Structures are given as C-alpha cells and as structure tokens.
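K.L.:
Chains as they are written, first to last, in our numbering: chain W, 1 to 182; chain H, 1 to 83.
One or more hints might be untrue.
[Stated by the list, open to error] Cut-off 25 Å, straight-line C-alpha distance, at most; resulting in silico cross-link-like pairs (SDA-like, lysine to any residue):
| id | chain 1 | residue 1 | chain 2 | residue 2 |
| --- | --- | --- | --- | --- |
| 1 | W | 25 | W | 147 |
| 2 | W | 96 | W | 53 |
| 3 | W | 96 | H | 21 |
| 4 | H | 30 | W | 121 |
| 5 | W | 119 | H | 75 |
| 6 | H | 52 | W | 147 |
| 7 | W | 74 | W | 179 |
| 8 | W | 92 | W | 11 |
| 9 | W | 39 | H | 10 |
| 10 | W | 101 | W | 121 |
| 11 | W | 117 | H | 66 |
| 12 | W | 117 | H | 19 |
[What the hints assert, rightly or not] Among the chain W residues that face chain H by a calculated CB cut under 8 Å, a handful are:
| id | residue |
| --- | --- |
| 13 | 118 |
| 14 | 122 |
| 15 | 123 |
| 16 | 125 |
| 17 | 149 |
[Stated by the list, open to error] Sample of chain H residues at the chain W side, in silico, Cβ under 7 Å:
| id | residue |
| --- | --- |
| 18 | 56 |
| 19 | 58 |
| 20 | 64 |
| 21 | 67 |
Derived from the structure by calculation, the hints contain no laboratory data. Just so it is clear, the structure is predicted and the values come from calculations on it, not from any experiment. A virtual CB, placed ideally from N, CA and C, is assigned to each residue, including glycine.
This is what each chain is made of:
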Amino acid sequence: MSNEIEAQVAELEKKIKLLQKSQPKDQISIISFSGDLDKMLAAMIIATGARAMDTEVKMFFTFWATAMLRDPKKIGKGKDFMSKMFGFMLPKGSSKLKLSKMNMCGMGTAMLKVLMKKKRVSSLEELLAIAGELGVEINVCEMSMDLMGFKREEMLDYPNLKYVGVGSYLADADESRIQLFI
Amino acid sequence: MTTEELKNIKADFVVDARGTACPGPLLAAKKAIGEIESGEIMEILSADEGTKHDIPRWCDKVGHEYLGFADLDSYTRLFLKKA
C-alpha cells in the first residue's frame, strides 16, 4: 500500500515540475514589424514601461522595423546593387521614420515631433537609450537584415544586440505572459 | 488616507517627474525607489494624468503600499511606502 502511495507522490511531483516549467514568466515578447514612427513609438513605450513594472522584455525586430536600428553614422561595406538601392530607399535610423498616417510628405511627421517636444513625450531616440539602460533585450531577425541588405557593422551600438532567427523569437514568446505584434 | 492627511505627509524622497509624459513618471518612480529604504515614503510629482492610474497598479504589482494622491492646480502629488 505505502509503495503505491509513494509511487503516486513521485508521479504527482513529476507533473508539478512539468507544470511549473510550462508556466509563463513575468515577461513580454514584442514583435516589432512595422517601421512606422507611430507604431515604433508605441512599441518602445510599452517596452520601457514594462521594465518599470519589473517585467522582462524581449523584442524581436523584423522586416521594416530593422531599418530603425541602422546607425546613420555607419556604412555597410560590400553591398550589391539591389542592397545599395534598398539601403538608400529605407530610413537610415530612428530619426528618419515616418508616420503611418498623415505623413503629408513629411509635414505631419515634423508636426508630431514638435508636438511631442511641447507635450514632453520622449523621442524615439531617447526611448531607445532608456530601453538600453533598463535592459530591454533587442533581437534582430537575421533573415530580414540579409533581405534588406543591411550589414551588422551599420547597426546601432545597442547593449547586447543579438542577431537571431524565428526559433529564438518562438522560444522567448513561449515563456512570455504577454505577446504583441506591432 | 484622506487628502488632508496626505498633504501633511513628510516624504523621505521626492521625485519630480513633471517634465515628462507617459511612461516618464513611472520610469522615474522605478529608478528612485532604489534610493530609499524599506518603510520609507516616496512622493512622486507628475503632470501626467495617466500616472494616477499607473502608480497604484505598479505598487500593486511590485508590492509597495500605495497611499494615495493629492491634486494640485497643475500637477498631482502621489505617495507610496516602499515594501
């Protein structure tokens, strides 16, 4: 009889361990896909706010959003014609992003930036710096970088910037309590 | 706590976050909480309306005791006790 109970207890302990392992962490996983200024602002405000709330933040930058992480002062070498064209047409860094609506040839974006200053809303550049200080983890989709022809040497000096694939995003998302696609 | 009681509180540490909008005050509070000891009172000054909702939620999550807020003409004073 006692052997049976012991076996049952062992079985239950195993199950509890499995359950604990599958519990999501106090962590948010954000896919930054859009390279629009407004959406990027939303993503960065949520990311920094989450760190203030003691939540771990894993950001996965893919597609258009990767252009925001380019450093305007750096140059990528050894690009073919198409990559050069892409690099030329896509925004070089956070200060070159445009609004998704009411851009009006840049007028709307310029007006928003004036308004943000007046209302004391942090700029994207400030938010990026704060995110770095607070330990917001930024992972960049290697495939998107390759597609757009961006080189690692032209990316921002962001603490622990990592170049990863979709598997890393999925593993992070799997253990996160909150998931966002922006 | 009543507003009158709150107004007479002597805070151990005052964070002036009136120069920032969301999420500035929350970030400022989070940064400043490391400067004080457990049981001490922190006061946050904010001109951002959302802070009144955010700080109690933050306290609730992180475990600090939210004491309340007092509205002034152009800003709000928020009080909490560090856990």
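K.L.:
Does residue 53 of chain W sit within 25 Å of residue 96 of chain W, going by the straight-line distance between their CA atoms?
P.N.:
violated, 30 Å
K.L.:
Given the hinted pair residue 117 of chain W and residue 66 of chain H, is their alpha-carbon gap at most 25 Å?
P.N.:
violated, 31 Å
K.L.:
Would the stated hint for residue 149 of chain W survive a check requiring a Cβ distance to chain H of less than 8 Å?
P.N.:
Violated, because the Cβ-Cβ distance from residue 149 of chain W to chain H comes to roughly 34 Å (cut-off 8 Å).
K.L.:
Does the interface hint hold: is residue 58 of chain H within less than 7 Å of chain W, judged Cβ to Cβ?
P.N.:
holds, 6 Å
K.L.:
How about residue 64 of chain H: closest beta carbon in chain W under 7 Å, or not?
P.N.:
Status violated, d = 11 Å.
K.L.:
Assess, step by step, whether the Cα of residue 92 of chain W is no farther than 25 Å from the Cα of residue 11 of chain W, and give holds or violated.
P.N.:
Violated, at roughly 56 Å.
K.L.:
Return the status of the interface hint for residue 123 of chain W: holds when the least beta-carbon distance to chain H is below 8 Å, violated otherwise.
P.N.:
This interface hint is violated because 11 Å lies over the 8 Å limit.
K.L.:
Taken at face value, is the distance from the CA of residue 147 of chain W to the CA of residue 25 of chain W at most 25 Å?
P.N.:
violated, 33 Å
K.L.:
Once the shortest beta carbon distance from residue 125 of chain W to chain H is found, is it less than 8 Å?
P.N.:
violated, 15 Å
K.L.:
For residue 101 of chain W and residue 121 of chain W, compute the direct alpha-carbon distance and say whether it is at most 25 Å.
P.N.:
Roughly 19 Å separates the two Cα atoms, so the pair holds.
K.L.:
Would you mind confirming whether the straight-line C-alpha gap from residue 52 of chain H to residue 147 of chain W stays at or under 25 Å?
P.N.:
At roughly 45 Å apart (the allowed maximum being 25 Å), residue 147 of chain W and residue 52 of chain H break the hint.
K.L.:
Closer than 8 Å between Cβ atoms is the bar; does residue 122 of chain W clear it against chain H? Give me holds or violated.
P.N.:
holds, 7 Å
In summary, the numbered hints that this structure violates are 1, 2, 6, 7, 8, 9, 11, 13, 15, 16, 17, 18, 20 and 21.
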